[in-house]
Amino acid sequence: MHHLETDSWLKTSDGHTRGYIQPQLLKELWFHTGTNCNLRCPFCLEGSKPGDNRINAIELEDAKPLIDEAVKFGVEKFSFTGGEPFVNPEFVSILDCALTYRPCMVLTNAAEPLMNRIGEILPLREKANPLSFRVSLDHPDEKKHDESRGKGNFIKALKTLGRLYRYGFNVSIARLSLENEDVNAVNHSYLPIFKSVGLPEDLHIIVFPEFHRPGSIPNVPQITEKCMTTCLNQNQRDSFMCNFSKMAVKKNGEIGIYACTLVDDDNNYNLGKTLDESMKVRVMLGHHRCYSCFAYGASCSEC
Amino acid sequence: MEVNYSSAVVRIEWKSPLVFELIIERNEMEFQPGDSISIFNADQSQSRPYSIASGTSETGLRLLIQKLPGGELSNWLSKLKAGDHVIHTRPYGWFRPGQNLAGDPFIFIATGTGIAPFLSYMRSCPERPPGCCLYGVKRVCDALELELVQSQCEVKLAVSRENDHQYHCGRVTGFLPALKLNSDLHFYLCGLDAMIDEVSEWLEKNGVDFSKIHREVFFYAPS
Numbered sequence: 106m107h108h109l110e111t112d113s114w115l116k117t118s119d120g121h122t123r124g125y126i127q128p129q130l131l132k133e134l135w136f137h138t139g140t141n142c143n144l145r146c147p148f149c150l151e152g153s154k155p156g157d158n159r160i161n162a163i164e165l166e167d168a169k170p171l172i173d174e175a176v177k178f179g180v181e182k183f184s185f186t187g188g189e190p191f192v193n194p195e196f197v198s199i200l201d202c203a204l205t206y207r208p209c210m211v212l213t214n215a216a217e218p219l220m221n222r223i224g225e226i227l228p229l230r231e232k233a234n235p236l237s238f239r240v241s242l243d244h245p246d247e248k249k250h251d252e253s254r255g256k257g258n259f260i261k262a263l264k265t266l267g268r269l270y271r272y273g274f275n276v277s278i279a280r281l282s283l284e285n286e287d288v289n290a291v292n293h294s295y296l297p298i299f300k301s302v303g304l305p306e307d308l309h310i311i312v313f314p315e316f317h318r319p320g321s322i323p324n325v326p327q328i329t330e331k332c333m334t335t336c337l338n339q340n341q342r343d344s345f346m347c348n349f350s351k352m353a354v355k356k357n358g359e360i361g362i363y364a365c366t367l368v369d370d371d372n373n374y375n376l377g378k379t380l381d382e383s384m385k386v387r388v389m390l391g392h393h394r395c396y397s398c399f400a401y402g403a404s405c406s407e408c
Numbered sequence: 011m012e013v014n015y016s017s018a019v020v021r022i023e024w025k026s027p028l029v030f031e032l033i034i035e036r037n038e039m040e041f042q043p044g045d046s047i048s049i050f051n052a053d054q055s056q057s058r059p060y061s062i063a064s065g066t067s068e069t070g071l072r073l074l075i076q077k078l079p080g081g082e083l084s085n086w087l088s089k090l091k092a093g094d095h096v097i098h099t100r101p102y103g104w105f106r107p108g109q110n111l112a113g114d115p116f117i118f119i120a121t122g123t124g125i126a127p128f129l130s131y132m133r134s135c136p137e138r139p140p141g142c143c144l145y146g147v148k149r150v151c152d153a154l155e156l157e158l159v160q161s162q163c164e165v166k167l168a169v170s171r172e173n174d175h176q177y178h179c180g181r182v183t184g185f186l187p188a189l190k191l192n193s194d195l196h197f198y199l200c201g202l203d204a205m206i207d208e209v210s211e212w213l214e215k216n217g218v219d220f221s222k223i224h225r226e227v228f229f230y231a232p233s
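So the protein lines, in turn, are chains A and B. Numbering (this note's numbering) for the first sequence: 106 to 408. Numbering (this note's numbering) for the second sequence: 11 to 233.
Please keep in mind that the hints were generated in silico from the structure rather than gathered at the bench. Hints may contain errors.
Each computed DSS-like pair below joins lysine-lysine, with the alpha-carbon atoms no more than 25 Å apart [to be verified]:
hint	chain 1	residue 1	chain 2	residue 2
1	A	Lys256	B	Lys77
2	A	Lys264	B	Lys215
3	B	Lys148	B	Lys166
4	B	Lys166	A	Lys256
5	A	Lys264	B	Lys89
6	B	Lys77	A	Lys154
7	A	Lys261	B	Lys215
8	A	Lys232	A	Lys177
9	A	Lys261	B	Lys222
10	A	Lys256	B	Lys215
11	A	Lys232	B	Lys77
12	A	Lys300	B	Lys77
Computed footprint of chain B on chain A; a stretch qualifies when at least three of its residues, placed anywhere within it, have a C-beta under 8 Å from a C-beta of chain B [said to hold, decoys possible]:
hint	segment
13	292 to 306
14	336 to 346
Computed spacing ranges between beta-carbons, pair by pair [stated by the list, open to error]:
hint	chain 1	residue 1	chain 2	residue 2	range
15	B	Asn192	A	Ala290	32 to 40 Å
16	B	Glu40	A	Phe148	38 to 46 Å
17	B	Lys91	A	Asn285	53 to 61 Å
18	A	Glu382	B	Leu158	52 to 60 Å
19	A	Ala290	B	Leu158	28 to 36 Å
By construction, the Cβ of each residue, glycine as well, lies at the ideal position given by its N, Cα and C atoms.
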C-alpha cells in the first residue's frame, strides 16, 4: 500500500482526519543544496555539518529540468538552502542558470565558503533577475551566536552582510526566536549592529521558532481537519508554504520533490520526481514541524 | 546521477610529522590548478575536500593531507595501502591561482597544506611563476615541497613555533609591511581562516581592491 493511502498518513493517532493542504500554485521552488556545511551548529534543523551527505549536493544537471518545469508552472522565485550552499561545487552554476529566469534567494551563513567564491558571485549582478541573500545572524549578542556557530562567525557574517549590501545585493537576516521574547525589542537590538557595517535600519528580519533536529519526534498537538477549518480562515490556510511552494532534494543520488523546506527528514513528504507529480498530492499536516506553521505561521518564504 | 569515482591508491608518503601525501590514480580526470576533490569515508556518509597538488600533466592525483587528532577521514586515509580504493568526487573548484590574469603580476600566500593548489600551479605552469611566495608553517619541517617552490620563485618562509635564524620567526603576516604593492598585483591566499582574514584586511586597508584578493579558506569545524 502506498503511504498516501495509509491510515497513519490520513488520520491522527486518535482517528481524526488529519488537517491538510491541497496545493494550489507554485510561487516558489526551493532547492536543497546538500547537508554539507562548513559549520556544525547543534540546533541545525537539517543536521548539516562538514562533509555530511544525508542530502547529496545537487548538480546543475539535476536542477535545470526542474527550473524549466517550474517556469512552466509560473514560478515567481527560486530559493536555495543547505547545508551551506556555497560549499556545493556546482552551486554558482545553478544560480547562474536560475537567475536567467527568475529572482533568486540564498540562505547562507556568509562565512568562508561564500567569501571564497565572491569572484564568481559578483558577475551574477549582471543577470536578468536579482539575487538576494538571507544571512543567519541568530542573536544580536555576538557571544550567543558564536556559542553555536563557532568563535568569530558573528563578525564574519556581519562583515559579509555589509559587503554584499555595498555590492548592491538585497540582503536580509534570519534569527532564532527566544522563549517569551518581545519580538520588536529583540529586532530593535540589531539596529546598532546593522549600522556598524552600513546596513539599513529597516533590514528585513525573519524570526524562526525552534524546529528541532531532523528525525526528532517532539510532543506537539496533532492537526486535524477540524482545526484547519475552525481555527484558521482561508487566507491563513493559503499562507502555508506547502500551498505555494516545494523543495527539490537529492538523496541517494535521486531527486525528490518535498512538500516544503522543513520535512525532508520524512520520506512520506517526498511527493514525486517531478513538480507535476508533486503538485497533485494533498499534503497531510502530520510532521511535527507542520505544527509550527499552524501555531506560529512560520514560513521560510519571503513570498 | 551519481558522480562519484573509485580510484586506487598509488602510494602514501609522509612529508612531515603530521602531513602525508596521498597519491591516487587519476583515471584521466581533467582538472585545473586550484581544483579539489572530496573523498568519502567507507560508508559514504562523510566527505572532506582536499586540494590537488599535482601538475595537470601528471598521471596521479597528489593530495596533501594533515592528520588531525580525532580526524575521521584523515586518520582512515593515513592507513591506506597501495591498491586500496577511495571513493571521491570529480575535481571541482573556483580558486584559480595565477590564471585568467592577462599578464598581471601575482604572488602566493599560504599556510601549512594551503600550499597544495600553488604546487599544482607551479607543476602545471612553470613558465609563468609567481612574483614570490609567502609561506607560514609552525616548524621548519612542516614546510612542504620547499625545493620546488624555491626553484620557481623567491620564498619567504615564516616559522611560528621554532627559532631558526634562516627564516622569519613569527607568522606569515609579518612579511606584509615589506610588500611592494601596486594596482595590478593579484594576491592568492590559501590556508586557515585566521591568516586569510588578517591578510585580506591588511591588504584592503592598504588600498588593494578586493577583486585582486583571491581566497581559498580551509574551514575547520571541530566536533
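Hints and how they fare:
Between A/Lys256 and B/Lys77 the CA atoms are separated by roughly 23 Å; this keeps the pair inside 25 Å, and the hint holds. Distance restraint check for A/Lys264 and B/Lys215: the Cα-Cα separation of roughly 14 Å lies within the 25 Å cut-off, and the hinted pair is therefore satisfied. With a C-alpha separation of about 14 Å, the suggested pairing of B/Lys148 with B/Lys166 holds against the 25 Å cut-off. Of the pairs offered as hints, the one joining B/Lys166 and A/Lys256 is violated, with about 30 Å between alpha carbons and a cut-off of 25 Å exceeded.
Distance check on the hinted pair: A/Lys264 and B/Lys89 sit about 41 Å apart at the alpha-carbon level, beyond 25 Å; violated. At most 25 Å may separate the alpha-carbon atoms for a hinted pair to count; B/Lys77 and A/Lys154 meet this at roughly 19 Å. Between A/Lys261 and B/Lys215 the alpha-carbon distance is near 17 Å, which keeps this suggested pair within the 25 Å criterion. As the CA atoms of A/Lys232 and A/Lys177 are separated by approximately 20 Å, the hinted pair is consistent with the 25 Å bound.
Simply put, A/Lys261 and B/Lys222 have alpha-carbon atoms about 20 Å apart, close enough for the 25 Å limit, and the pair holds. For the given pair, A/Lys256 sits about 23 Å from B/Lys215 by alpha-carbon distance, which is consistent with the 25 Å threshold. A C-alpha spacing of about 43 Å is found between A/Lys232 and B/Lys77, which places the hinted pair above 25 Å, so the restraint is violated. For the proposed pair A/Lys300 and B/Lys77, the alpha carbon gap of about 42 Å is over 25 Å, so the pair is violated.
Counting residues of the segment 292 to 306 of chain A whose beta carbon lies closer than 8 Å to any beta carbon of chain B gives 0, which falls short of the minimum of three for the stated coverage. With 0 residues having a beta carbon nearer than 8 Å to a beta carbon of chain B, the segment 336 to 346 of chain A misses the requirement of three or more and the stated coverage is violated. Range check, B/Asn192 to A/Ala290: about 50 Å between beta-carbon atoms, so the 32 to 40 Å window is missed. Look at B/Glu40 against A/Phe148: about 40 Å separates their beta carbons, and that is inside 38 to 46 Å.
Between B/Lys91 and A/Asn285 the beta carbon distance is about 58 Å. The supplied range of 53 to 61 Å therefore holds. The hint said 52 to 60 Å for the Cβ distance between A/Glu382 and B/Leu158, and at roughly 55 Å that hint holds. The hinted range of 28 to 36 Å is not satisfied by A/Ala290 and B/Leu158, whose Cβ atoms lie roughly 59 Å apart.
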